[in-house]
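2 protein chains.
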Amino acid sequence: MIKDQRMANAFDPSKLAGLKPNEQAMIERRQKALGQAYRLFYEHPVHFVRGEGVHLYDPEGNAYLDVYNNVASIGHSHPKVVEAIAKQAATLNTHTRYLNESILDYAEALLATFGGETYQAMFTCTGSEANDLAFRLARSYTGGTGIIVTEYAYHGVTSSVAECSPAFGPNLPLGIHVRTIPAPDTYHFDEAAAERRFLDGLSAAILDLQRHGIRPAALIVDTLFTSDGVYPEPVGLLAKAAKLIREAGGLLIADEVQAGFARSGSHFWGFQRHQVVPDIVTMGKPMGNGHPIAGLVAKPEIIDHFGKNVRYFNTFGGNPVSCAAGMAVLNAIKEEGLQENAAQVGAYLKAGFETLAETHTLIGDVRGAGLFLGVEMVTDREKKIPAKEQTTWIVNQLRERRILISTIGPDGNMLKVRPQLPFSKANADQLLNTLDDLLKQL
Amino acid sequence: MIKDQRMANAFDPSKLAGLKPNEQAMIERRQKALGQAYRLFYEHPVHFVRGEGVHLYDPEGNAYLDVYNNVASIGHSHPKVVEAIAKQAATLNTHTRYLNESILDYAEALLATFGGETYQAMFTCTGSEANDLAFRLARSYTGGTGIIVTEYAYHGVTSSVAECSPAFGPNLPLGIHVRTIPAPDTYHFDEAAAERRFLDGLSAAILDLQRHGIRPAALIVDTLFTSDGVYPEPVGLLAKAAKLIREAGGLLIADEVQAGFARSGSHFWGFQRHQVVPDIVTMGKPMGNGHPIAGLVAKPEIIDHFGKNVRYFNTFGGNPVSCAAGMAVLNAIKEEGLQENAAQVGAYLKAGFETLAETHTLIGDVRGAGLFLGVEMVTDREKKIPAKEQTTWIVNQLRERRILISTIGPDGNMLKVRPQLPFSKANADQLLNTLDDLLKQL
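Protein chains in written order, with the numbering used here: chain S, 154 to 595; chain X, 154 to 595.
One chain only, chain S, in its complex shape (with noise of 0.2 angstroms):
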């Protein structure tokens, strides 16, 4: 059976009539004009007017901890990010096509974050381009168009990138040249064996691929498998990977989405956790603090092959603004200790999960690295049985104690324990005390 991940924390809109009268207007307001395709988080959405650090605002001016939104990764409202946007909005807003020194100096502070490794960027607006760009990059440099995904990725919403993403669940099918390999599961399985299974699953699906006609363009994976129930581990696995994709003709691209910009603690990017160098490596959402930046570096012979057959001009990509935005971000990073913080609050956070599954016999397992982390909640250690209801009631338990959190996983049984990178160890006190008192109660 495939399983849906249809999100497990969307407000029903069936439930309409338990919510104050300005919020039910708001959400008539949103039925008619943007209709179904848009979701809510919670059983009791929330409305938002402004958002400072780590923390947003409702309008009566109540604080709610934000240990969800990985976007405004610096911090809501950063002042030096919206300085910088400000600044350059009213200087000049233009495109890639004119000379300008801003998408130089960003470029050039991007790639010096890859550690001596010879890269060039480009640059899209989301990370769904950015994947689909790579996309691009791969199967014209490979001549192949196979892509091979972890079984519950994903990796955006065009076209050619929704469907290599098996998280939308099984209304959205996969492309043709699309085949799924576990993730590295070490919950059900011990390190060896999860990577073996990763490993076995990667061979297996080339030689699927092949015997189809289809050559293997690419191996794309979150370098923390978030979707997939956030997986660290084995480091390394990656490095064996890219062996096994590359033998086979095609590229690794590393979808740093999730892990990038220093999120991971110990590194700025995910992939170097694993100690493999990436053929391409896509970003996004944290890369302008919330104003619409994305790209990717890859090898310069990948881009070459591309672009002396193709050109590619991304309007808004690039621009100055943007630009502006990524170097505050890069800057803010540097400068305020955001990866160290990440590391260490992050480790904080862990051992404090981790004590509270002394006591809480539904924390199953606790895992992640820097300030992502996910909690899987299972009402049997032994069977390991999805705790997907209570999690969810957690969840909805913690809006109302203003805490901003959601779940994550195939099961829809974890904690998804992303805030932003200043997040300190009082805010995480907060978090794990008011846990405590929930778990409490079940």
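Calculated from the structure, these hints are not laboratory results. For glycine and all other residues, C-beta sits at the position ideal for the given N, C-alpha and C. Certain hints may be false.
[What the hints assert, rightly or not] Taking lysine to aspartate or glutamate pairs in the EDC-like style, the calculated list, with each CA pair at most 16 angstroms apart, reads:
1. S:K168 to S:E213
2. X:K185 to S:E196
3. S:K240 to X:E236
[What the hints assert, rightly or not] Rough simulated footprint, nothing fancy, chain S against chain X, three-plus residues with beta-carbon under 8 angstroms:
4. 175-186
5. 248-262
6. 285-294
7. 419-430
[As the list claims (entries may be wrong)] Interface residues of chain S toward chain X, partial, derived using beta-carbon atoms under 7 angstroms:
8. H200
9. L327
10. Y340
11. F459
12. T468
13. A500
14. A504
Got chain S sorted already, so can you dock chain X onto it with the hints?
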């Protein structure tokens, strides 16, 4: 033979030696950091550091009259857009899964521009994403996959949209479910014949898709047929086309990335000139005056069908800052009378080109609506032989005289006249007089 539309007005990197040392240095930095897929405009690329109104400024403070950039459509660095972005970015920038008024206010204001027709809005970050999503909606709703485009159409850069964009030339193969039809070419044919070729082409494309077992999903057209060579006539054509594609089970998608947001002068949207109601309308470039916002409106039953099966979440799409930028643009178009200005100055400019055509036989035809005009250059008016070299020379000479313009059309022999909407008659005179001088030299 497939005409190769690779940028007629692109800088040739082998000509680096003739440029100023600081320009050479910037281009070398670009080549190293960004690689081969990025192109610069002009034999002598331009370096800009500031924009204001209808002018861009180089580092020496020289003003260039901008007759090209339709993104900063209401004027470069428009103070109201800058203020809206700065204010909202400092307050709150989050996503569509929380309640927020900005997306509702903006969606309602946008929907009000459709003259009472019932649509719903979905937001993306780029026009490419908007067209990509339109294809997903159309394919979901119709159950078909076939897409019909004009022979030199350009609809964007995602995989799915690029394979429907013959403007990229022969190096980018069209998708196997894509068919092309002639644009309504009123230069080589009279209006009745141009319309017949377009509609007969459409019928043939539908039949050919069906003959191959492919059900048509949509006909998508730029409502001014700009990359095909700017064909605003015959009005009414699209209503007839809509009938044909709907009879075959497909939808009409109006791509308003070029024609929309008041550019055509007489109407807010290009399709409104044709008195047709498209099933889906996509929009992009000018929507946020340079801020990355794009989107579509579609008939509610189309969005319903899609949204019930699949969720759609575009991380940055419809965020409060983007919506604030979009709202400022809508307000400025209204408050500053920019649609009326596009109509008046557009007509003035068109008449000016027609006057130039009386003395300069190089001008074969002047076409367009509002402030999107195409001036077709030919070496022989009888035989209509494209004057590509002369057109390229004019574009580069205009750049030396600090007027920014580009080429358009399958043969690269048209001046692409697409200034900002506040373009004045004095601006028009400057362009016309300079062009007159240049034409005298030919």
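Results of checking the hints against the structure:
1. S:K168 to S:E213: violated, 23 angstroms
2. X:K185 to S:E196: Given that 16 angstroms is the threshold and the Cα spacing comes to 51 angstroms, the pair is violated.
3. S:K240 to X:E236: Status holds; Cα separation ~10 angstroms.
4. 175-186: holds (count 7)
5. 248-262: holds (count 11)
6. 285-294: holds (count 4)
7. 419-430: It is violated, with 0 qualifying residues against the three required.
8. H200: holds, 4 angstroms
9. L327: violated, 13 angstroms
10. Y340: violated, 26 angstroms
11. F459: The hint holds - S:F459 has a Cβ within 7 angstroms of chain X, the shortest such distance being about 6 angstroms.
12. T468: Holds: closest Cβ of chain X sits about 6 angstroms from S:T468, inside 7 angstroms.
13. A500: Violated, because the Cβ-Cβ distance from S:A500 to chain X comes to roughly 28 angstroms (cut-off 7 angstroms).
14. A504: violated, 30 angstroms
Violation of the numbered hints given earlier is confined to hints 1, 2, 7, 9, 10, 13 and 14; the remaining hints are satisfied by the structure.
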